[in-house]
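Participant: Since chain R is already given, all that's left is putting chain X on it; use the hints.
One letter stands for each residue in the lines below.
Protein chains: 2
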Amino acid sequence: MNGLSEFFFPSSVAVIGVSADTSAFGTLYLGALLKFGFKGKLYPVNRRGGSVLDLPVYSSLAGIPGDVDLAVISVPGRAVVGALEECLRKGIKTAIVLSAGFGETDIEGRKLEEELAKVVAKGIRVIGPNCHGVYCPRSGLTLVPGSNFPRESGPVALISQSGGFAEMIVLQSRGIGIRYSKVVSYGNALDVGESDLLEFLSEDEDTKIVMAYVEGVKDGRRFLEVVRRTSRVKPVLIWKAGLTDMGRRAAGSHTGSLAGSKFLWETFFAQSGAVEIGSTDDLIDTAIAFLNLPASIGRRVALVTGSGGAGVIGSDACERLKLSMPTLSGEAQHRISSLLPSIGTSVRNPVDLATPRPRTSVLRGVLEAVAGSDEIDVIILGRMFLSAKGPELILGLTNRPEEHSDDLLEVPLAIRNQFGKPVVIVLSEEVTDREMIDFERDRRSVRDYYLSHGIPVYPTLERAVSALAHVVRYRERFG
Amino acid sequence: MNGLSEFFFPSSVAVIGVSADTSAFGTLYLGALLKFGFKGKLYPVNRRGGSVLDLPVYSSLAGIPGDVDLAVISVPGRAVVGALEECLRKGIKTAIVLSAGFGETDIEGRKLEEELAKVVAKGIRVIGPNCHGVYCPRSGLTLVPGSNFPRESGPVALISQSGGFAEMIVLQSRGIGIRYSKVVSYGNALDVGESDLLEFLSEDEDTKIVMAYVEGVKDGRRFLEVVRRTSRVKPVLIWKAGLTDMGRRAAGSHTGSLAGSKFLWETFFAQSGAVEIGSTDDLIDTAIAFLNLPASIGRRVALVTGSGGAGVIGSDACERLKLSMPTLSGEAQHRISSLLPSIGTSVRNPVDLATPRPRTSVLRGVLEAVAGSDEIDVIILGRMFLSAKGPELILGLTNRPEEHSDDLLEVPLAIRNQFGKPVVIVLSEEVTDREMIDFERDRRSVRDYYLSHGIPVYPTLERAVSALAHVVRYRERFG
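Going line by line, the protein sequences match chains R and X.
For the first sequence, position 9 (counting from the first letter as 1) is numbered 5 according to my numbering, and the numbering increases by one without interruption.
For the second sequence, position 370 (counting from the first letter as 1) is numbered 366 according to my numbering, and the numbering increases by one without interruption.
Keep in mind the hints are simulated off the structure, nothing from the lab.
Backbone N, C-alpha and C fix where the C-beta goes; we use that ideal spot for every residue, glycine too.
Hints should not be assumed to be uniformly reliable.
Unchecked claim - Lysine-lysine pairs mimicking BS3-like chemistry, simulated, CA-CA at most 30 Å apart:
{"id": "1", "chain 1": "X", "residue 1": "Lys204", "chain 2": "X", "residue 2": "Lys31"}
{"id": "2", "chain 1": "R", "residue 1": "Lys214", "chain 2": "X", "residue 2": "Lys31"}
{"id": "3", "chain 1": "R", "residue 1": "Lys258", "chain 2": "X", "residue 2": "Lys258"}
Stated by the list, open to error - One side only, chain X facing chain R, incomplete, derived with CB under 7 Å:
{"id": "4", "residue": "Asp200"}
{"id": "5", "residue": "Ala247"}
{"id": "6", "residue": "Glu315"}
If we strip away everything but chain R, and leave its shape as in the complex, we get (with noise of 0.2 Å):
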C-alpha cells in the first residue's frame, strides 16, 4: 500500500472550511457526513466558532483535543495553502481540498496550485483540490452530495476526476445493484493522481474490479505501468474523455488536464490491457457484466430471440464486436425443430421463436438444446417478455389457460444452473408511456431477479452485446 488508506479509513475528521451558510459546500459536505452515518469524529472548523449542525466549531485545527487522520479542506483557493500548513503543523499527514479555483482557471490558479505543491512537499498526501471528496461506506464516509448512497460496500472501486460524475455513476449503479468499496473523486490530481490510486487499489482486497473516469494524466508512462500491472489481476475499465479538441479544451476547464492525443490513447488501450469504456451506459454494463460472468467465458454465442429483426441486429453486434455465433449442430437444430413451428422461425443461430412470449415447455426445451451444444459458451435471450405483466400491458394477450408465467421467468435460470453456462438477458424498456409506470416497475423487478441470482440484464440487445464483448476480450488477455 502506498500510504493511502488514511483517505479512506480515518478515524477523526477536521472539515475546515464550514459556515453558517448550510449551503456552502464545506457545509453540504459535513451535513452529508452526519447524514450518512460517519462514525468517527468530527471536528468542524472556522475561524469564528460557534456552533454549525449542532455540532461546536473549532477556531483552529490547533484547539482540536486529539489527533486528526483526515482534514478536509473548503475555503476559498487563496486560504488553501494556508489551512494545509496548519494541517502541517497539526501533525496531519492527510488532506481532501475540495476548494476550487487552481490549475483549471487561469494563470493564476495555475500560480497557486504551484505553492500548493510546495506545501505537499513538506510532508503531506493531497487528493483534490476541485473534487467532491471520497465515498467509502465500510467506513461512512462519502462525497458532497452523497448522504442518500447506499450504505453496503461491494466490490467495485471507482476513481473520477469530475465528481459530478462520481456521483452520477454512483447512483445509477445503485438500481441495479452494484456496490463500492471505495469511489474518488479526485479533481486535479494536484499530488494524488491516477496512478497513485490505481496501485492502491490494485493491492486492496475489498475492490475486485476497478473504473475509472479520466479527463488527463500527468504521467502517461507510469499510468500505463500501473494499469498494466493492475489488468494482471483485476479488470481496469477506463473512460477517457477530452478525445476530441473540443473535449481536450473543456477537460482544461474543468480538472486543468492535458488530456492527450487520440492517437497515444489508442496505443495505450491496446498497451495497458485496460477496457476502453465509451459512455456512462458502458460503463455501468459492463461492471454487470464482470460481476456477473464467469471467468471462464468464451466468445462463441447463442442467440435466442423472440422476433427475427432481433436476431439481425444482434448478429451484427456479435460480428462488430467479434464475437462468434456458431451454426448449431445438427442435432440442436433437429430438435428445436421439433419444438417450434416450421414458418416464421429459424433454428440455426439466431434461434428465432417468432413470438416474444413462448410457451413455457418450448423455451425450456429450446434452451437446453442450445445450453446442451458443445459450440456455445454464453446465450443471449433478447426481445422476450419473461414475466406475467408485460404480455397484458404491452400487448394486450392474456396468458393461455395451460402457462404459469413464474415458471417462464424460471426458465433461463434454470438452464443457467443446469448445465452451468452464462446466460445474458435483454429486457427492453419498451413502453414509455408516463402512465404506464407499473410496466416499468415491473420490468425492474425482473431485472432485479435475475441480477440477484447472477444473470446480467441490459436494456438493449446492443448494450448486452458490447458489454459482453468487454468482458470477453479481457477474459482471452487476462484469464
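Facilitator: The following block gives chain X in isolation, referenced to the frame of chain R:
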C-alpha cells in the same frame, strides 16, 4: 400515387384463414382489428364456416355479399396461392399475406414464392408474405398484435421488414408522443417492396417523416432513386440491418433478404441523402429531433451543463459528430461570469454551472446570455434537475426557500420562446432503483411537459448530440 391506397383505407376487409383456435395468427389478427376498432366491414373466411369472435364466418370469398377492398391471408404457406387466386376471382385487387414459409425458409419455400409471383402478375398487389400487416389509425387498421396502439394519427410513417420491430418501435414511440400516419410490416417484399412504399409515402400528405427498417433491397438502383427523390421533400430515416456477415445470414433466414455489402451501403447513404440510423434508440431519438426542431437549425451548439464532466463528454460528442461549439463572445462570457461563482464553473462554452440544481435566476441569466449570442444556433442543456422532485429524491437536497422549482422548469421554455432559438434537454434516467419508481414517473412528467411544447428531450448527452447532428446534416443538405 402508385395504387397502394387500398392497403391503408379499405372499407371492407376479408380475413382468410381465421379459425376457432384463438391463438392462430389469423384469429389474432381479426381480434386485433375488432379491439382496435376497425370501422369498415369485416368478413372472416374459413372453409368450415361457423362463427368466430361473434362474427359469422364465410366458407368462401364468393359467398361474401358485397365487394372486398382488401384481403388479409393467414393460411398455411402451400394454400396461399389458392387463396390469392380466389381473391382474383372475387375481383380483389389488394392483399396482405401474413403467412410465412416462403423465401426465408428453404428451396421449397423459394419455389412457393415464385408461384405467388405468378399470381401477382395476373393483377393483384401483395404486401408480404411473412409480415404483420398495416397500421393506419385514420382507417382503424392495425398490426397483429397491435390492438393497444394509439388511435391518434400523426406525421411519421414507418416501413419495416420485421413485424416484431414495427410493433416495438410503435410501442417505444407511444410514450414520447411520436404518432404515425402509416406503419407497414412488409416482410419478404414479394411484390410491394421498400421502393413502392417509399414512393407512395413521398406523396402522402399525412406523412412528414419516413422511417425504414430494411434488411435487404431487391432493386438497389431503384431504391437509391426513390430515396434520393423522397429525401428532397421529407427526411427518410433508414436503419439498414444485416451489414455484417452474421447479420446478413440472419436476414436471409428472417425475410429471405439479400442484405448487400457494407461498402455498397456506405455509397448508398452518401448518395441518397437518407439519414443513416444505427439502432432502435437512434431511430426514435432522431424522429423526436425532426419533429421538434425547426428547419432553420444550424450546427453551432452551446452546451450548458450542471457538471464539468458533462461538458467534457458533450464536447467530445459534438466534435465526433461534426457539430461546432464556438467560444462565446466576450460580452456573453462577461455576463455569465457575473452570475456564477468564479471558481468551479466555466463560461466559455461548454458553460459549467457546477451544480445540477441552479437557482432559477442564475439559469435564466445564463441562458439569456447564451441565447442572445449571434454565434450560437442551438442550446443543449445537460445534467440538470429541472423538476421539483429530482433533487430531493436524488441528492437529498430540499429547495431553498427563495426558490420555486416550477419556475426553473419554465426557464428553458421561456428562453426558447423569447429568442426563437431551439433548446434540447437531457434528462438522465439517473435513478434506476425499483423502489424509486417515483423518480422515473416524475422524470417522464417533465419529459412530456417539454415534448408537448416542442422541446426534444433525451436520456443521455450522447443521444441528444447524435439526434441533433442527424437533423443538422439533413437540413444543411435539403433545407
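Participant: Each hint should be assessed against the structure and marked as holding or not.
Facilitator: These are the hints, each one checked on the structure:
1. X:Lys204 with X:Lys31: Distance ~28 Å between Lys204 of chain X and Lys31 of chain X Cα, so the pair holds.
2. R:Lys214 with X:Lys31: violated (65 Å)
3. R:Lys258 with X:Lys258: holds (26 Å)
4. Asp200: Violated. Min distance 24 Å.
5. Ala247: Holds: closest Cβ of chain R sits about 5 Å from Ala247 of chain X, inside 7 Å.
6. Glu315: holds (4 Å)
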